[in-house]
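Undergrad: Residue numbers (my numbering), protein chains in the order written: chain A, 63 to 398; chain B, 1311 to 1727; chain C, 725 to 926.
None of these hints come from the bench; they were simulated from the model. Predicted model, so just to flag it, every value in this text is computed and none were measured. Hints are supplied without guarantee of correctness; some may be wrong.
[To be verified] Residues from chain B that keep clear of chain C, each with C-beta distances beyond 10 Å, as calculated:
no., residue
1, Glu1316
2, Phe1362
3, Ile1478
4, Ala1482
5, Ala1552
6, Gly1581
7, Arg1591
8, Asp1611
9, Met1664
10, Gln1704
[Unchecked claim] When the alpha-carbon atoms are kept at most 16 Å apart in a straight line, the in silico EDC-like pairs for lysine to aspartate or glutamate are as follows:
no., chain 1, residue 1, chain 2, residue 2
11, B, Lys1667, B, Glu1570
12, B, Lys1667, B, Asp1556
13, A, Lys366, A, Asp381
14, A, Lys177, B, Glu1510
15, B, Lys1667, B, Asp1592
16, A, Lys175, B, Glu1502
17, B, Lys1667, C, Glu786
18, A, Lys254, A, Asp193
19, A, Lys175, B, Glu1510
20, C, Lys823, C, Glu786
21, A, Lys177, B, Asp1511
A virtual CB, placed ideally from N, CA and C, is assigned to each residue, including glycine.
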Amino acid sequence: MPVRFYQVGSFAVGNRLANRADRTIQSEAGRSNSLTSGHRACQGCGEALGARYALDAAMRATGGQMVAVNATGCLEVFSTPYPETSWQIPWLHSLFGNAPAVATGVAAALRVKGKTETRVIGQAGDGGTVDIGFGCLSGMFERNDDVLFICYDNEAYMNTGVQRSGATPPAARTATTEAVGSHPGNSFGQGKNMPVLAMAHRIPYVATATVADLHDLEAKVTRAMSIRGARYIHILVPCPLGWVSASSDTVRIARLATQTGFFPVFEAEHGEVTGVTTIRRPAPVTEYLRLQGRFAHLFDREGKPAQPDVIDALQAMADDNIRRYGLVDETAEVPA
Amino acid sequence: MLRQIEGSRAVAETVALCRPEVVCAYPISPQTHIIEAIGALVKTGELAPCEFINVESEFAAMSVSIGASATGARAFTATASQGLLFMMEALYNAGGLGLPIVMTLANRAVGAPINIWNDHSDAMSARDAGWIQLFAETNQEAADLHILAFRLGEELSVPVMVCMDGFILTHATEQVDMPDQSQVDDFLPPFEPRQLLSPEDPYSIGAMVGPDAFTEVRYLAHARQQQALERIPEMSAEFAEAFGRDSGGLLHPYRSVDAEVVVVAMGSVLGTIKDVIDTQRDAGLRIGALGITSFRPFPMDAVRAALRGARQVIVVEKSFSAGFGGVLSTDVAMALSGLPVPVATVVAGLGGRMITKTSLQRVFAAAARGEAPQLTFLDLNEELVEGELARIAQRRRSGPTAENILRDLGTVASGIG
Amino acid sequence: MFEVRLHGRGGQGVVTAADLLALAAFEEGQHAQSFPSFGSERTGAPVVAYCRLSERDVRTREPVVAPDCVIVIDPTLVHQVDLFAGLHPDGFVLVNSTKTFDGLGLGRLLNEFNTSHLLTAPATEVARRQIGRPLPNAALIGGFAALTGKVAMGAVGTAIRERFRKDTSLAERNVAAATEMYHYARQAMVLSGQGVLGAAAD
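Isolated chain A, as found in the complex (with noise of 0.2 Å):
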């Protein structure tokens, strides 16, 4: 019987004990480090784990030939930090609403100097992408420029503070959005589903992905920088100052945002779901809510639910993303 080995926890079975084939690029000696060590990340930021992850796969994917463009963010910020640099790429940071377009006109450069082999990935946070970025990425998608472009998602506007953006989820604290009130935390709004959005495009690839999941969120930029056009990949990447949750917990906070349902993981192409990732342990939404000091306000001091009907609302959340894309396997007999 086949042996298969999971990553529970923050504690991975290492890639030696994997056949080299399915070791993930980040296990190479001879990587990219694309994102090299230096910079100024928080302990525990799913952020640059999420980055390094990603953009090393584009190098290896790439032949090493890519250009990425950054929006002003937490990693903008913290990998050039003055007079310092932790890229090893050519790395081009304009402002804070214009990563797509500046990607754009990169891709545009490279393709008008006949240089088709350069590709280029633009990244950003979620404030950067589906609040002052939106546009600028709506326009990238219409023109199908090919750019991959991935959202590091935080879910709030980390650099400055914990502000909320139009990734926050319901209930959520931030510093506009405080746990005060007979409403504490973040309204329940539409919610701004970016990887949804840009499937409504119909760009030829849309992904979404965790720092939970390395050998996923490599194969997913692989598989992106072998199409050309417009491509997303949204990763969540657990911020342990903004979430305020132990920085050792990042990759289980991670792991839980799937398993719950509360963050679907999937593949799209042409605006139509190709894969999920089906969810092996489902676990409550309160599993995931209690490791995160933004939604202490929703347990009392005994840790039992103080907003049941607030918790009940993102279960319910939760629970139609695993309608939607089918994250439960009914008919599996051996867990997937």
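Assemble the complex: chain A is given as a structure, and chains B and C must be docked to it using the hints.
TA: Coordinates of chains B and C only, in the frame set by chain A:
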């Protein structure tokens, strides 16, 4: 070759001859004819290789240009007024990064109130963004300045905006001597970037700069503009050699050498001013004009030298800083500091109001008599102003000023001249 | 310098008319400037365009406030806009209409101005017949050539062909309309004893 051609068309075809590699298009009156014409040239293959990108906003237009220029492509776009303001963040970004993007600014008033006609308020809003700003007097100059702009900007690593009066120049047909491809190729070499995004030699562009070095970066941008002050006349002389015309330069004096009164202005109004100068010279007035072509960098020394002998300087400008006074006037006054030459400001042409020879003649004659007020709003309708002031004094809920005045005027912008 | 002001409505080719006039003058070696006064595109709204012809470089940019010639492309503007403001006492008027000046309610012009410089001409009808569309702008320039003698008909033809070079059939039909209007104007002037101006070549 001599052609009777619309200004926008002349600019579009000249820009095409400059072999731009990435052109961004977002429409706004009155520059649309420029980007439309270039778009057609790309589509037919007459302009190739060139990526023509229809972007979703002016902010995107400048941003795409930034990405393209940083990757070594010659980038061009055009805008006006509201569009310039919408891309202002990116404008400063391009200036700060030293990317030699060239942009046509079809000068148009900035709202509110919304106004599509010509004045210089848009250009003035970008004075400090680190761009070179050149003002064209005629469509010939507008076309020629673009050739100079690419060469100058790329040599110094500074973005350049060529300002041409919206509608007055963009939509006017007049005689333009259009250059040919070989002439432009001889004058304008391919773009050799100072900084380049390239996997072969990777580095980071756009990092944060702290208090330790920000001042130095800004100083160097100023130093580059000072270099431009030297290079502009040199390059214009080269241009004159190659193309046989006197286009560009820092400034153009007109009958000002022995003038007692000198009128300073920028852009197309200089044509009207010159006609008035000639009439008044014939009547015995010692009056002349000084056309400023390079607004940024501002040719302090050259302006001082040209105006120091005057008894009175009048700056006729299409711009105004509420709560202060003239904008160009301030720079001119600065250039004359320490000299006993009074500078009077005449704010004219705001929002496209026509500037007539009759009104100019009246103002210049008064100046010649020593009766130039410090600040004049040419052809101001005092009655309209008084009416609104009375309304405001009467009640709190006086209503929107613009609409009130239009109602008094009895018309809704159907005829402006 | 000879200054022309053209009045019409959006969609009638007022600006094109001014540009054609400038182009015709250019063909003959004159300096010419043409420009519109409107801004936002809106079919049906009153539109004004200007054209200056000169032996020398035209430098001024002000609108034409004292025209030597007023061309009215849409006579329904007659009581809406002050079409003849600033017109020189010896100025020319060309109105696109099948009616007479009296019929248009403009009888006063015959008293105020030089009657041999005034003409109404059915340019829209001619255009409908020659081009198949009621676009009288090119035709009117032919009329202008005859009325004022400021440009030769040959130059008008060249200008039209240049302007419509992408559609030679349309160009020729416009030339035909302009030519017909030119001859109409000459004949009308002869018939009313006005004489024919200038050495305008056919």
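Undergrad: The structure should be examined with respect to each hint, and the outcome stated for every one.
TA: Here is how each hint holds up against the structure:
With a cut of 10 Å on Cβ distances, Glu1316 (chain B) falls inside the contact zone with chain C, its closest approach being about 7 Å. Separation of Phe1362 (chain B) from chain C is adequate, the least Cβ-Cβ distance of about 20 Å exceeding the 10 Å criterion. The claim that Ile1478 (chain B) is not at the interface with chain C is violated, since a C-beta of that chain comes within 10 Å of its own (minimum 5 Å). Listed as a non-interface residue, Ala1482 (chain B) fails to keep its Cβ farther than 10 Å from every Cβ of chain C; the least gap is roughly 4 Å.
With a closest Cβ-Cβ approach of about 22 Å to chain C, Ala1552 (chain B) is found to remain outside the 10 Å limit, as its non-interface label requires. Against the 10 Å criterion, Gly1581 (chain B) falls within the reach of chain C, whose nearest CB is about 4 Å from its own CB. For Arg1591 (chain B), the condition that its CB be more than 10 Å from all CB atoms of chain C holds, with the nearest at approximately 14 Å. The claim that Asp1611 (chain B) is not at the interface with chain C holds, since no C-beta of that chain comes within 10 Å of its own (minimum 28 Å).
Here Met1664 (chain B) does not stay apart from chain C, with its beta-carbon only about 5 Å from theirs, under the 10 Å limit. Distance to chain C confirms Gln1704 (chain B) as a non-interface residue, since its nearest Cβ pair spans about 33 Å, more than 10 Å. Of the pairs offered as hints, the one joining Lys1667 (chain B) and Glu1570 (chain B) is violated, with about 20 Å between alpha carbons and a cut-off of 16 Å exceeded. At most 16 Å may separate the alpha-carbon atoms for a hinted pair to count; Lys1667 (chain B) and Asp1556 (chain B) exceed this at roughly 26 Å.
With a C-alpha separation of about 21 Å, the suggested pairing of Lys366 (chain A) with Asp381 (chain A) is violated against the 16 Å cut-off. For the hint pairing Lys177 (chain A) with Glu1510 (chain B), the CA-to-CA distance comes to about 12 Å; that is within 16 Å, so the pair holds. A distance of roughly 15 Å separates the Cα atoms of Lys1667 (chain B) and Asp1592 (chain B); the hinted pair therefore holds under the 16 Å criterion. Simply put, Lys175 (chain A) and Glu1502 (chain B) have alpha-carbon atoms about 13 Å apart, close enough for the 16 Å limit, and the pair holds.
In summary, the hint linking Lys1667 (chain B) to Glu786 (chain C) is supported, as the alpha carbons are separated by about 7 Å, within the 16 Å threshold. The suggested pairing of Lys254 (chain A) with Asp193 (chain A) holds, with an alpha-carbon distance near 9 Å, which does not exceed 16 Å. Distance hint between Lys175 (chain A) and Glu1510 (chain B) is fulfilled; the C-alpha atoms sit about 15 Å from each other, no more than 16 Å. Distance check on the hinted pair: Lys823 (chain C) and Glu786 (chain C) sit about 33 Å apart at the alpha-carbon level, beyond 16 Å; violated.
A threshold of 16 Å between alpha carbons decides the hint, and for Lys177 (chain A) with Asp1511 (chain B) the separation of about 15 Å falls inside it, so the pair holds.
In terms of the numbered hints stated before, the structure departs from hints 1, 3, 4, 6, 9, 11, 12, 13, 20, listed from lowest to highest.
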